[in-house]
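Colleague: These are the residues of each chain, in order.
There are 4 protein chains.
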Amino acid sequence: MMIVMKPTASEEDVQAVIERIESVGARAHPSRGDEVTVIGAVGDLEHIERLELQGSPGVDRVVRILKPYKLASKQVKQGQRTVLEIGGRKIGGDHFGLIAGPCTVESRDQLLTAADAVLAGGATMLRGGAYKPRTSPYAFQGLGQEGLRLLAEAKERTGLPIVTELMDARDLEPVLEVADVIQLGARNMQNYALLSEVGRAGIPVLLKRGLSATLEELLMASEYILKEGNESVMLCERGIRTFETAYRFTLDLTAIPVLKELTHLPVVVDPSHAAGRRDLVEPLSLAAAAAGADGIIVEVHPDPEQAICDGPQQLYSDDFSRYANQVRAAAAVAGKAVLVDA
Amino acid sequence: MMIVMKPTASEEDVQAVIERIESVGARAHPSRGDEVTVIGAVGDLEHIERLELQGSPGVDRVVRILKPYKLASKQVKQGQRTVLEIGGRKIGGDHFGLIAGPCTVESRDQLLTAADAVLAGGATMLRGGAYKPRTSPYAFQGLGQEGLRLLAEAKERTGLPIVTELMDARDLEPVLEVADVIQLGARNMQNYALLSEVGRAGIPVLLKRGLSATLEELLMASEYILKEGNESVMLCERGIRTFETAYRFTLDLTAIPVLKELTHLPVVVDPSHAAGRRDLVEPLSLAAAAAGADGIIVEVHPDPEQAICDGPQQLYSDDFSRYANQVRAAAAVAGKAVLVDA
Amino acid sequence: MMIVMKPTASEEDVQAVIERIESVGARAHPSRGDEVTVIGAVGDLEHIERLELQGSPGVDRVVRILKPYKLASKQVKQGQRTVLEIGGRKIGGDHFGLIAGPCTVESRDQLLTAADAVLAGGATMLRGGAYKPRTSPYAFQGLGQEGLRLLAEAKERTGLPIVTELMDARDLEPVLEVADVIQLGARNMQNYALLSEVGRAGIPVLLKRGLSATLEELLMASEYILKEGNESVMLCERGIRTFETAYRFTLDLTAIPVLKELTHLPVVVDPSHAAGRRDLVEPLSLAAAAAGADGIIVEVHPDPEQAICDGPQQLYSDDFSRYANQVRAAAAVAGKAVLVDA
Amino acid sequence: MMIVMKPTASEEDVQAVIERIESVGARAHPSRGDEVTVIGAVGDLEHIERLELQGSPGVDRVVRILKPYKLASKQVKQGQRTVLEIGGRKIGGDHFGLIAGPCTVESRDQLLTAADAVLAGGATMLRGGAYKPRTSPYAFQGLGQEGLRLLAEAKERTGLPIVTELMDARDLEPVLEVADVIQLGARNMQNYALLSEVGRAGIPVLLKRGLSATLEELLMASEYILKEGNESVMLCERGIRTFETAYRFTLDLTAIPVLKELTHLPVVVDPSHAAGRRDLVEPLSLAAAAAGADGIIVEVHPDPEQAICDGPQQLYSDDFSRYANQVRAAAAVAGKAVLVDA
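Chains as they are written, first to last, in the numbering used here: chain G, 475 to 816; chain Y, 475 to 816; chain L, 475 to 816; chain H, 475 to 816.
A couple of the hints might just be wrong.
Because identical chains share one entry, a pair is satisfied inside a single copy or across any pair of copies.
What the hints assert, rightly or not - The calculated DSBU-like cross-link candidates involving lysine-lysine, where the alpha carbons are at most 30 angstroms apart (straight line), are:
1. Lys-480 <-> Lys-810
2. Lys-701 <-> Lys-480
3. Lys-629 <-> Lys-544
4. Lys-551 <-> Lys-480
5. Lys-480 <-> Lys-629
Since the hints were derived computationally from the structure, they do not count as laboratory data.
Take these sequences, add in the hints, and give me the full structure.
Modeller: See below:
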């Protein structure tokens with residue numbers, strides 16, 4: 475940690491910082507330049523962090539030298555990438571995962587038709603929401619336990635592992651009975667109670683980036699899960715909030731190569747929620763795959779016009795095979811081991 | 475609701491939209507211009523909203539005519555502003571509230587010293603956190619139930635109503651025993667389970683705006699509380715995330731007059747978390763009060779250098795009286811009924 | 475144009491809006507709902523726009539039905555895409571352009587080495603800056619006219635058309651002697667004097683999106699050029715400013731399919747300036763090509779470590795052929811007619 | 475300057491950075507920690523900056539210790555604040571300036587009526603645009619030289635110094651004949667040719683912050699003017715672009731205290747363009763004044779309903795005296811020497 479003092483900092487300000495650093499058993503190395511003083515702080519990082527020197531009198535900036543996340547950082551695994559194996563499907567490293575299915579479980583017929591289609595198109599997992607976070611309290615909130623039951627049926631029928639969202643720690647038990655991967659939504663990325671809970675449950679987690687979360691915050695959120703001993707975490711870019719109003723969110727594909735440098739965890743992209751429009755889903759999927767994403771989670775529906783939720787962004791299940799081939803071709807350009815035209 | 479079609483929309487696209495509108499019992503009024511067609515949809519708003527026509531083939535934009543929030547909107551109360559009365563202290567309308575106290579409850583001595591100081595300076599409520607949301611799982615997470623016990627003691631001693639944060643619905647019961655106002659943090663603004671829970675509890679709520687939440691989303695979040703029959707909600711602007719890195723968050727003071735136009739609920743500002751630096755807290759507090767805020771929630775500590783959490787942004791309790799007088803002077807310029815130099 | 479009144483608007487507010495609409499010879503069609511009144515305004519769009527009704531008393535929102543740009547919009551060309559032919563190289567439609575070369579012209583040797591390499595790798599145009607916009611007045615500002623002279627030599631040697639930046643209308647004449655395409659930088663996207671000047675010059679223009687410009691503003695800026703009778707405009711996405719600090723800018727690849735829907739003009743992507751780091755340039759280039767970009771403009775240098783400007787983001791010229799093959803493979807997935815392994 | 479290496483940086487990466495630092499005559503001080511190496515670079519800052527080490531292989535971050543602006547920084551003046559005296563009116567330090575007048579000069583009658591009203595209300599300068607930057611090439615672009623002539627008349631009549639915008643360096647001469655302060659608009663904040671030109675002209679400049687410019691970039695832009703020997707620069711916050719769509723721009727009032735710490739230059743706020751709505755102008759003006767702004771530049775029109783440009787945001791000239799008294803009351807709370815009820 476380095477503390478850059480302001481040019482206007484007094485000697486008392488400098489001394490106060492040094493004393494605080496030393497008060498937690500760390501060592502302070504002041505370096506007095508012509509214009510500003512810089513103080514290096516060496517010792518137990520957690521103790522120094524807790525001093526929260528940023529904003530102290532005379533302090534211009536606190537520069538962290540080490541990353542605040544530990545278990546998520548790449549070094550932990552000496553440069554090796556985590557490959558998750560879920561129900562026999564691998565994701566991460568050279569393995570590209572294609573998670574597909576309806577936004578929301580609406581009915582037995584809808585779910586099974588979608589599940590059959592995505593299986594036929596070569597999807598590696600089936601997604602579907604039983605509990606839905608909605609901006610409006612007046613909107614459809616999901617089928618709940620009935621939705622979970624239908625997911626169990628789809629899993630038995632297709633053999634596809636199930637990815638489904640958990641919003642409330644009190645629903646953990648029934649969700650665990652069906653889910654192979656628990657999805658945590660963007661709005662819950664910093665719901666720390668929930669993060670710790672799924673960490674303790676030990677189930678693979680797909681953690682979505684918050685709408686305005688930095689990559690560092692996303693990694694810190696994953697750290698809440700990893701710290702409980704659960705190493706099976708996928709990170710998911712799903713669009714961030716910017717000033718642009720011509721489309722719903724700005725899909726941040728730079729996050730893919732940057733996250734792959736910072737962490738060993740697989741990085742997945744959700745083009746459906748970012749775009750909010752079917753016609754944007756394919757170009758964004760190809761872009762994500764070409765940029766090196768480890769997987770894509772995409773919404774597919776047999777009859778999107780009749781969908782209860784997010785219809786306009788769901789792909790037609792009839793078109794899924796063609797789409798999936800295109801995505802695999804793009805992933806192949808990025809060096810993933812995929813069979814094109816599976 | 476108005477659906478603006480794209481110039482390239484086909485007649486089939488137009489018909490499909492009309493049919494979907496009519497399928498929920500609403501009426502469609504197409505208006506065909508030289509270049510584009512606009513379709514008005516009249517009927518049950520919730521039904522039409524659920525169609526999610528935005529993003530449908532040929533649809534350029536869906537323009538909502540009515541606001542999606544109902545209970546939070548100003549008309550509900552025919553232009554009257556909600557005034558909350560909490561432990562005898564009013565906030566809202568002409569009444570300016572000053573909520574002050576330490577970021578985190580750290581010890582009996584720290585809390586009681588701060589409580590005495592803010593009482594003496596004319597604060598109307600005491601704030602203090604027993605459960606703390608932290609970006610890092612390795613940071614101090616609050617004293618928990620012991621913190622609540624100390625808040626109860628401070629309340630008994632000073633008579634000040636208590637504002638404290640709830641992060642996990644499973645802690646609701648003990649928090650309710652002490653709190654006069656439950657604070658929901660920015661990261662939990664869209665934790666819908668928690669919103670509904672405090673709604674049902676019927677206790678006054680201070681709801682903080684998410685880091686990248688629009689005002690409409692903030693109002694929709696309040697709607698989750700109001701819908702449970704709990705009308706005692708204060709909205710709190712606490713800084714939004716922008717590209718600027720010279721300070722922590724960008725305090726959005728335009729939100730004050732805009733929210734006061736959109737809703738009858740009181741609007742409070744938290745300058746401490748927005749700024750992250752003590753020297754910015756006073757100018758931002760004066761700005762908020764002068765812009766017409768109904769109250770300020772500010773952090774005060776007897777010895778910020780020794781604070782476990784957010785020390786650099788906490789005001790010195792010794793300086794609180796002077797600060798409070800300045801804030802009241804600014805609120806008076808904005809027309810609030812405050813006694814300057816209380 | 476539709477004017478949505480506030481629920482609190484008075485009848486006088488409504489009448490005032492109607493009168494203003496009629497004052498410019500347009501017709502007003504009020505539609506009074508239970509809660510709000512909506513007024514349609516039909517007539518000369520420019521006249522109605524000039525009324526600037528947004529923000530008038532009682533007005534909630536003004537909803538534009540038609541796009542404010544005309545010449546840039548897709549309909550002008552009845553759905554046909556503009557294909558530019560520059561020095562025999564096509565860009566737009568099915569044609570993918572690869573514009574490459576050093577950030578800044580530094581020396582004869584540097585420029586010619588880079589030019590030879592990009593020619594060998596299959597680039598279709600050569601880029602190089604003689605005038606450089608720099609945040610700091612103390613930074614290198616480009617070789618100016620000497621740089622232009624060297625570009626002329628590189629053009630003669632390689633036959634590649636030249637893309638170079640113009641920052642000041644007073645330098646137009648010498649730049650026109652060399653340039654086949656004039657680049658207008660992000661910071662000058664709304665330099666209206668400059669836009670009109672290059673419009674009148676009739677030369678192809680590569681117009682970069684401003685750091686926080688919406689797509690609509692980018693199209694309006696292109697309209698300044700098109701309106702002078704110059705139809706040869708390429709739009710360039712080069713990263714927008716967001717809250718994320720882990721990398722320089724957020725490359726907005728959603729802009730590609732969205733712009734291709736809104737306009738007939740070719741859409742080009744600059745991954746070098748967005749990323750600011752060489753290791754991100756290739757994944758972002760592949761993503762852009764896979765998303766359907768009509769071309770890429772990328773920085774290449776024979777010895778980036780010695781570059782005067784933006785060294786860390788420039789590709790090694792030795793590596794350019796391999797890179798270019800990868801980019802073409804990604805463009806082929808998106809349906810562009812490119813020879814892979816050219 | 476400190477260069478923080480990545481944990482994965484090789485010894486070659488470290489050596490390459492050291493060599494590049496030494497290649498410009500600076501000294502490199504590597505400090506090898508357990509996990510990462512940090513290299514201090516001491517010497518001529520400009521030379522080191524030009525190396526552009528950010529993004530080099532193995533480099534995680536480059537941390538600037540010193541600010542990149544020199545003349546704008548506070549230390550230059552040893553903590554003294556610049557007070558500009560323009561036509562006998564002071565602004566900066568304890569002096570609060572109130573610059574008011576119409577958005578655009580439309581007619582003799584309009585301008586003189588507005589000028590009389592703002593003089594009567596205690597404004598210290600008169601604003602009015604003769605050249606107008608417009609997003610649309612089809613919108614009114616200002617009266618040009620005729621507008622300048624009318625401003626000259628208003629100046630003679632009222633004695634008020636004139637603030638007017640310059641957009642094109644080729645108009646400098648006629649503008650200099652009338653203007654006491656040249657305004658540079660947000661879209662031209664990084665029009666470096668224009669900045670240097672007004673720097674050389676030696677006239678006071680009001681420099682508006684770009685829509686997405688950081689405070690550091692604003693200061694660097696001012697440095698282009700200061701470097702030409704022109705010390706008379708006011709910085710103007712006028713709203714930044716964020717994700718919020720409920721109003722036009724987000725007025726960043728945190729910029730006021732932060733800029734006042736970073737620079738000796740006066741800081742002025744433009745609430746009119748930020749808000750775009752008359753009803754927001756007063757609360758934002760009070761907030762700006764209470765936050766310690768050195769002045770406000772506000773739009774006032776005798777008949778905003780008939781304004782050619784930005785009517786809905788212009789204050790009624792009839793109401794200006796009352797408004798100005800309110801603003802002065804807020805400035806007085808912030809410690810400015812103003813006569814309330816002037």
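Colleague: Would you mind marking each hint as holding or not holding in the structure?
Modeller: Hints and how they fare:
1. In this assembly of identical chains, Lys-480 and Lys-810 lie within 30 angstroms of each other by CA distance solely across copies; the values are 26 angstroms between and 49 angstroms within a copy.
2. For a Cα distance limit of 30 angstroms, the shortest separation of Lys-701 from Lys-480 across copies, 23 angstroms, qualifies, whereas the shortest one inside one copy, 36 angstroms, does not.
3. In this homomeric assembly, Lys-629 and Lys-544 never come within 30 angstroms of each other (Cα to Cα): the closest approach is 35 angstroms inside a single copy and 41 angstroms across copies.
4. Within a single copy, Lys-551 and Lys-480 get their C-alpha atoms only as close as 38 angstroms, which misses the 30 angstroms cut-off; across copies the closest is 15 angstroms, which meets it.
5. In the homo-oligomer, the alpha carbons of Lys-480 and Lys-629 never lie at most 30 angstroms apart, since the shortest distance is 60 angstroms inside one protomer and 40 angstroms across protomers.
This entry does not satisfy hints 3, 5, going by the numbered hints stated previously.
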